[in-house]
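Student: These protein sequences, in sequence, are chains D and U.
The opening residue of the first sequence carries number 128 in this note's numbering; numbering runs sequentially from there.
The opening residue of the second sequence carries number 128 in this note's numbering; numbering runs sequentially from there.
Warning: the hint list may mix true and false statements.
Chain copies aren't distinguished; within one or between two, either way the pair holds.
[As the list claims (entries may be wrong)] The calculated DSBU-like cross-link candidates involving lysine-lysine, where the alpha carbons are at most 35 Å apart (straight line), are: (1) 439 - 143; (2) 228 - 286; (3) 252 - 218; (4) 143 - 350; (5) 340 - 408; (6) 350 - 408; (7) 285 - 438; (8) 350 - 367; (9) 426 - 408; (10) 285 - 408; (11) 286 - 330; (12) 218 - 426; (13) 308 - 143; (14) 438 - 426; (15) 426 - 176; (16) 439 - 176; (17) 176 - 408; (18) 408 - 330; (19) 286 - 408; (20) 252 - 408; (21) 438 - 340; (22) 218 - 408; (23) 285 - 229; (24) 330 - 340; (25) 439 - 252.
Read the hints as simulated data drawn from the structure, not as lab findings.
Small disclaimer: the values here were computed from a predicted structure and weren't measured.
Protein chains: 2
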Amino acid sequence: MASGGELINNKQVIFKNFVEGFPKESDMEVKTSSISLKVEEGSNAVVVKNLYLSCDPYMRIRMTQSDQETDDPEFIPFTPGSPLEGFGVAKVVDSGHPNYKKGDLIWGMVKWEEYSLIENPQLFKIHHADVPLSHYTGILGMPGITAWAGFYEVCSPKKGEKVYISAASGAVGQLVGQFAKLMGCYVVGSAGSKEKVDLLKNKFGFDDAFNYKEEHDLDAALKRCFPEGIDIYFENVGGKMLDAVLLNMRLRGRIAACGMISQYNLHQPEGVHNLMNIVGKRIRMEGLMAFDYFPQYEKFLDAVLPFVREKKVVYVEDIAEGIEGAPAALVGLFSGRNVGKQVVAVAKE
Amino acid sequence: MASGGELINNKQVIFKNFVEGFPKESDMEVKTSSISLKVEEGSNAVVVKNLYLSCDPYMRIRMTQSDQETDDPEFIPFTPGSPLEGFGVAKVVDSGHPNYKKGDLIWGMVKWEEYSLIENPQLFKIHHADVPLSHYTGILGMPGITAWAGFYEVCSPKKGEKVYISAASGAVGQLVGQFAKLMGCYVVGSAGSKEKVDLLKNKFGFDDAFNYKEEHDLDAALKRCFPEGIDIYFENVGGKMLDAVLLNMRLRGRIAACGMISQYNLHQPEGVHNLMNIVGKRIRMEGLMAFDYFPQYEKFLDAVLPFVREKKVVYVEDIAEGIEGAPAALVGLFSGRNVGKQVVAVAKE
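With these hints in hand, go ahead and build the complete structure from the sequences.
Tutor: Right under this line is the structure:
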């Protein structure tokens with residue numbers, strides 16, 4: 128049954144077609160559609176007003192045509208002609224679902240548009256709004272869980288261990304570094320500009336940092352920062368960086384493979400040559416996806432929310448204002464234009 | 128103080144010089160030296176008569192010049208002009224060490240020669256001689272511990288899981304496959320000849336097997352054998368094989384990286400391109416070395432000796448007779464000439 132609600136304008140970011148190579152703004156299009164703000168009677172859907180949209184590197188994978196079947200919502204290819212999807216923070220405008228009511232703040236998978244109709248909603252309710260709501264796209268959302276589970280669970284860290292983080296000023300990396308410092312580790316990060324390297328050293332409290340674009344020899348850069356080698360590598364990059372890291376890992380080192388952003392836009396990923404180090408050094412390399420840890424969200428929040436409130440962990444966001452800027456914000460992830468977690472602010476609460 | 132023992136002839140396999148590329152017989156030389164069969168008074172050394180020498184792929188790594196420091200005896204480069212070292216089965220001829228006495232059978236690190244003087248011996252005593260002594264270079268020695276720890280500890284196997292083993296008829300692979308069958312797994316192996324493939328299917332009870340040299344497309348071969356994908360990969364090979372396996376791993380698959388024999392003779396190892404699968408599929412890849420599990424040797428023996436005695440596990444050895452044949456036996460590992468575990472029989476007990 129159709130709802131009785133009148134239709135209102137709804138700006139959307141439409142995914143035009145599948146992408147090869149680096150995504151461009153012109154692969155997306157901002158169009159105005161219309162939407163009813165009432166759910167159909169008897170439906171269990173919700174209608175939400177999107178406040179913040181999250182720009183995340185994994186979204187590039189969804190821009191590639193694929194015939195591989197997947198159960199992972201993070202990997203299902205986008206539908207050409209439809210809006211992009213991604214994590215967002217939103218406010219419930221109408222609900223047919225018993226778990227959500229009008230006025231609730233939520234975060235979870237929404238569409239890139241001003242208002243979204245979400246069937247079978249699986250959204251986290253936001254119970255703590257004393258922190259910036261945008262944080263639920265970052266430190267208190269998917270990247271936060273990734274950093275928390277990846278560091279504490281996958282890396283099995285110990286005080287005093289040497290931790291290296293690539294893409295270290297990004298949504299996940301800045302958190303891993305700060306978690307590692309809180310644990311008493313020696314922490315070095317790399318990033319792609321002087322501004323980001325300064326952030327790592329001065330704002331996030333890393334022990335050292337370098338601009339990978341200015342290093343001719345990544346192996347030498349790592350040997351300079353880690354004369355005794357690396358115990359834990361938080362992998363966000365892949366390719367040449369991973370190859371250099373493998374040469375510098377210590378015995379029984381651990382690599383949490385969270386992403387490989389340097390590879391997403393390549394038709395054929397780069398070859399990694401130094402995997403024999405995994406055998407000789409008994410390295411454990413393990414992939415992780417935030418989804419697997421969503422059932423532990425409350426436990427995560429109990430651990431990380433105090434860090435935020437007590438300012439033990441800071442979080443830098445790069446907020447683009449207005450949905451019209453969403454395509455540029457997303458594309459900018461792959462040239463490293465963003466400084467910190469890239470968010471798009473769509474509307475005020 | 129010099130011992131009073133008279134000197135006798137001692138044939139040795141001398142490592143002539145560091146090797147690049149595939150090792151050749153001419154990289155070694157069989158020479159006759161002389162040795163006293165008595166240990167010096169006050170010394171804690173032992174003199175052993177070598178019965179069986181073990182040819183193992185990791186020995187290639189010790190043939191390469193390296194300035195990397197290592198604590199792993201398995202990786203310390205050989206000394207040009209001195210005999211090779213490796214695992215062996217031997218009988219104690221004289222002992223200054225309280226743990227060993229004349230007549231004891233032992234296995235452990237010996238030199239490639241008829242008699243070895245071993246300072247600071249760290250040798251396992253053989254208490255069960257009802258099984259072939261050569262087995263202590265294989266199923267009851269280092270390869271056995273590797274297979275046991277790699278499969279049961281690193282791979283965390285479950286009944287019904289799909290297991291793939293490369294170099295599957297080798298010293299380690301044939302055991303992993305049989306352990307996996309005993310656990311109720313579906314097991315496929317690859318090897319490099321029809322004879323070996325027949326062994327896998329008919330002697331070791333693998334569910335399926337293929338000759339990788341006859342497959343133009345390893346990915347297609349794996350898809351044929353594992354239409355639902357691979358849960359556990361026991362990695363002995365590396366390079367292109369690993370790349371094809373990564374495409375076929377299932378969600379939360381495990382890779383025990385035990386060796387990468389295809390890479391040992393290359394100046395620059397092959398690039399592996401499909402590591403992004405580790406992230407998306409949450410794969411855990413972990414290196415292992417038998418040494419780490421030597422403290423659990425008694426536990427291992429309690430588990431595996433009954434398998435041998437009750438013939439629940441069979442073990443195929445390729446025994447070269449006489450120390451003169453040792454260089455050819457070792458070199459043959461890298462062309463796949465051996466069928467089963469390669470051993471050199473030096474002397475009868």
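Student: Let me make sure I understand: some of the numbered hints might not hold for this structure. Which ones are they, in numerical order?
Tutor: The structure conflicts with hints 1, 2, 13 and 23, although it agrees with all the remaining ones.
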